[in-house]
Amino acid sequence: MSVPQYRRVAALAVAAGLGVSIAACSTKGSDDSGKDAGGKTVITVDCQPDGSQKDLLANWNADVAEFEKQNPTVTIKSVSVGQQCNNPPDFTARLTGGTMTDVFYGYMTDLQQVLDSGQAMDITQYATKDNVPAWDSIDPALKAVFTDNGKIYAIPTKNYSMGLLYNKTLFTKAGLDVNNPPKTWADVRAAAKKIAATGGGVAGYADYSAGNTGGWHFTAELYSQGGTILSTDNKSAAFDNAQGKQVLQNLKDMRYADNSMGSRQLLQWADLLTNAAAGKVGMFIGAPDATTAIVQQFQGKYQDWAMAPMPGQDGAAKGTLGGGEGYFFRKDLTPDQVKAGLKWIAFEKLTPGKGQFDYARAKPQNQPVGLPQPLLFTGGSAAQKQELDLRKANQNVPSENFGLFEATPVPIKGEPANAQAIYAVLDNAMSGVLTNPNANIDDLLKTAETKTNQLLAADK
Amino acid sequence: MATMTSAPETSRRPRVYARPSARTRRGRKLRDNLTGYAFLLGAIFCFALFQWFPMIRGVVMSFQHTRRGVTTWVGFDNFVRIVQDPSFWTAWKNTFYFTGLALVLGYAVPFVVAILLNEFRHFKGYLRILVYLPVMLPPASALFLFKYYAYDPSDAGLFNAVLKFFHLPTSEWMQSPTMTMPAMVIASTWMNMGAAVLIYLAALQNIPGELYEAAELDGAGLLRRIWNVTIPQTRLILALLAMLQIVATMQVFIEPLILANGAGTQDSATSVAYLIYQHGFFQNDLNGAAALGVIMLLVLAAFSAVYVRLTTKQD
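Heads up: the sequence lines are chains L and X, in that order. Taking the numbering used here, the leading residue of the first sequence gets 1, the next gets one more, and so forth. Taking the numbering used here, the leading residue of the second sequence gets 1, the next gets one more, and so forth.
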């Protein structure tokens, strides 16, 4: 072959290769039936534990194998999207690019964004006892979070409410009574001061200020003061007031007047939990499942952690933030794929004794069993009774660690509309008081309110 | 000695060709260049898919609003809204500040380092590798090194430990509104200067040695030689790198994202590129992000045009 011919062949090969690559990049199969060559219904599902979570990954894979055995006409293809199944920018990118899995994980705050993207399927007609045996037992308030104009778009799989998590070991070291945790923000401040005084770079109290988590915690702390993020009609911001100022003032006092929050700030989700798992955080606000993350993802010990109700300003908290997660369905799925997806979610997330409720399996893996949440099922339902019985039978978390939190319910308030976008704005207010001793709280709140109002106006 | 044989008579006669038709000429030209076009196809496709299409799509999106999967045309609404964002002017101020600082530090330092390296008689190769090493480190890894190792706000941080050793005041670095930008520029310069140093070195080595010898004979010292020989002889490279540096630093993104976890203290790290990311991916406002992207494109295009015009005139 002459040189020019070689070049021609090479050029054609490049062009042909390019064509093949483009075809291979397509996310769609050769047909839209959602079935493989053997006629099995295939669905992709995300939030598979990643390789660093060995036990959890093994559990998930075992569950997939068992599910496929029980449902021989279904094939599950699992996808891991990282330890934090919904990192907001990644989630937005997947949603915008249309690269979500067939059945995809989302927060309760994500409904609006998913609907705006036009990617979600209305699953109302499929969300029945036939596909999800425990459907009638799921708390209607949780179903409502994923419902818009009477249409259901996702299945709730976890819920939480926030309280004050505290490290018993550090409490004891600081001479504090582990059975009498702080009840008010003033108590938190006093305890934080004592814990920080034990030295070793320990933060008496820690809080977020980046990656949307700062705004998330600002909201929870505002609820504890009796405040709200938005006006009742959801049309304007409502946090630039005495309650909002108090939230930031409490933090500023702890950070600069007392120097009890450590020097490292601009923390986001993993940063704080890493420090907490390393025994460098005395207290932080969070949900019971923060303990699970500390154990499963950050190699901490659940035995160290106890939980009290959310602190209030002058007495009991006036409210606390509640949220959760669920699974959405892509709009282009076939009915068989939707049914298969629902059955998988029912198996893995909503069946006592299976999947996330397989406490007998979790206990020997030294995962915390006996946490007070999630509470997905309606009080008194058979599913709830069965789940709580299993939880109690396998409990390894000392019951007194979460007893006070369970025994002292605080009114739960849901997350605001456009939550993630507003949280991103409020990160700045949090970072202001945690990194700038001269931060002007009034200015911080005013700026955040202006930005929030712009967001809301743009969303009309 | 080679003998020459005469060509047959017939070959000496001029051949008469019929002029091919325009269609045939085009066909032949196409066939002749087919290989070139086939190779070009890949590049054109990649540019079209990854550069031109997103740019055009971005411009289109900046005039649209999408809600519930329904897209409507909204004129300049997104532009008006984005300009009214309280972080808009802060982001531009930060971006210009970063660019200015990077021009002083990130532009001058590599040039000085290149001159110094050029003066070394020994270990030149090793020193070049040392200077270039940080470029080979993935930017994210390099920035995490700075974040957790050098810029730790406690006394355990490398920079603070050094400052403390010399009894100098320490800093909270990325948590300090005043130090955020200088800290980002230091990290960025360290990461990127290797490539610029190598380019300067190549330019320096092209300067004829006689010029320096002549300058030395005229009694010029080191600074004089740099001013009168080195800089004029590398002017074109200096001008080109200045433009590339300004355009690149105006798009600063990964430094705030990693070093400051995004916006930093009260927007002290928010650059225009980060604000675009924040609108698009945190605030679910892709249309606003596209509008800001278009504004940035126009600013950079205007700057580049003016710069090219000025430098061309000088030449």
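Treat the hints as calculated values from the structure; they're not laboratory data. Note that beta-carbon positions come from the ideal geometry of N, C-alpha and C, so glycine has one too. Check before you lean on any hint, since a few could be wrong.
What the hints assert, rightly or not - Counterexamples of contact, computed for chain L against chain X with all Cβ distances above 12 Å:
| no. | residue |
| --- | --- |
| 1 | 55 |
| 2 | 57 |
| 3 | 80 |
| 4 | 113 |
| 5 | 183 |
| 6 | 292 |
| 7 | 293 |
Unchecked claim - If the Cβ cut is set under 8 Å, some of the chain X residues that face chain L in the computed set are:
| no. | residue |
| --- | --- |
| 8 | 68 |
| 9 | 69 |
| 10 | 72 |
| 11 | 81 |
| 12 | 85 |
| 13 | 86 |
| 14 | 153 |
| 15 | 264 |
| 16 | 282 |
Tell me if residue 69 of chain X is really an interface residue toward chain L, meaning its C-beta lies closer than 8 Å to one of theirs.
At 2 Å from the nearest chain L Cβ, residue 69 of chain X passes the 8 Å test, so the hint holds.
Would the stated hint for residue 81 of chain X survive a check requiring a Cβ distance to chain L of less than 8 Å?
It holds, given that the least Cβ distance between residue 81 of chain X and chain L is near 6 Å, below 8 Å.
Residue 113 of chain L: least C-beta distance to chain X exceeds 12 Å?
Violated, since 5 Å does not exceed 12 Å.
Agreement of hint residue 85 of chain X with chain L interface, Cβ distance less than 8 Å:
holds (6 Å)
Double-check residue 153 of chain X for me: the hint is only fine if its C-beta lies closer than 8 Å to a C-beta in chain L.
Holds, because the Cβ-Cβ distance from residue 153 of chain X to chain L comes to roughly 5 Å (cut-off 8 Å).
Regarding the hint that residue 264 of chain X lies at the interface with chain L, is the smallest CB-CB distance below 8 Å?
Holds, about 7 Å.
Would residue 55 of chain L pass as off the interface with chain X, using Cβ distances and a cut of 12 Å?
holds (28 Å)
Status of the hint placing residue 72 of chain X at chain L (closest C-beta pair under 8 Å)
Since chain L brings no Cβ nearer than about 12 Å to residue 72 of chain X, farther than 8 Å, the hint is violated.
So residue 293 of chain L supposedly isn't at the interface. Is its beta-carbon more than 12 Å from every beta-carbon in chain X?
Residue 293 of chain L is indeed farther than 12 Å from all Cβ atoms of chain X, at 19 Å.
Is the claim that residue 57 of chain L lies outside the interface with chain X correct, judged by CB distances over 12 Å?
Holds, because the least Cβ-Cβ distance between residue 57 of chain L and chain X comes to about 25 Å, which exceeds 12 Å.
Agreement of hint residue 86 of chain X with chain L interface, Cβ distance less than 8 Å
holds (5 Å)
Against chain X, does residue 292 of chain L hold up as non-interface, every C-beta pair farther apart than 12 Å?
holds (24 Å)
When each numbered hint is compared with the structure, violations occur for hints 4 and 10.
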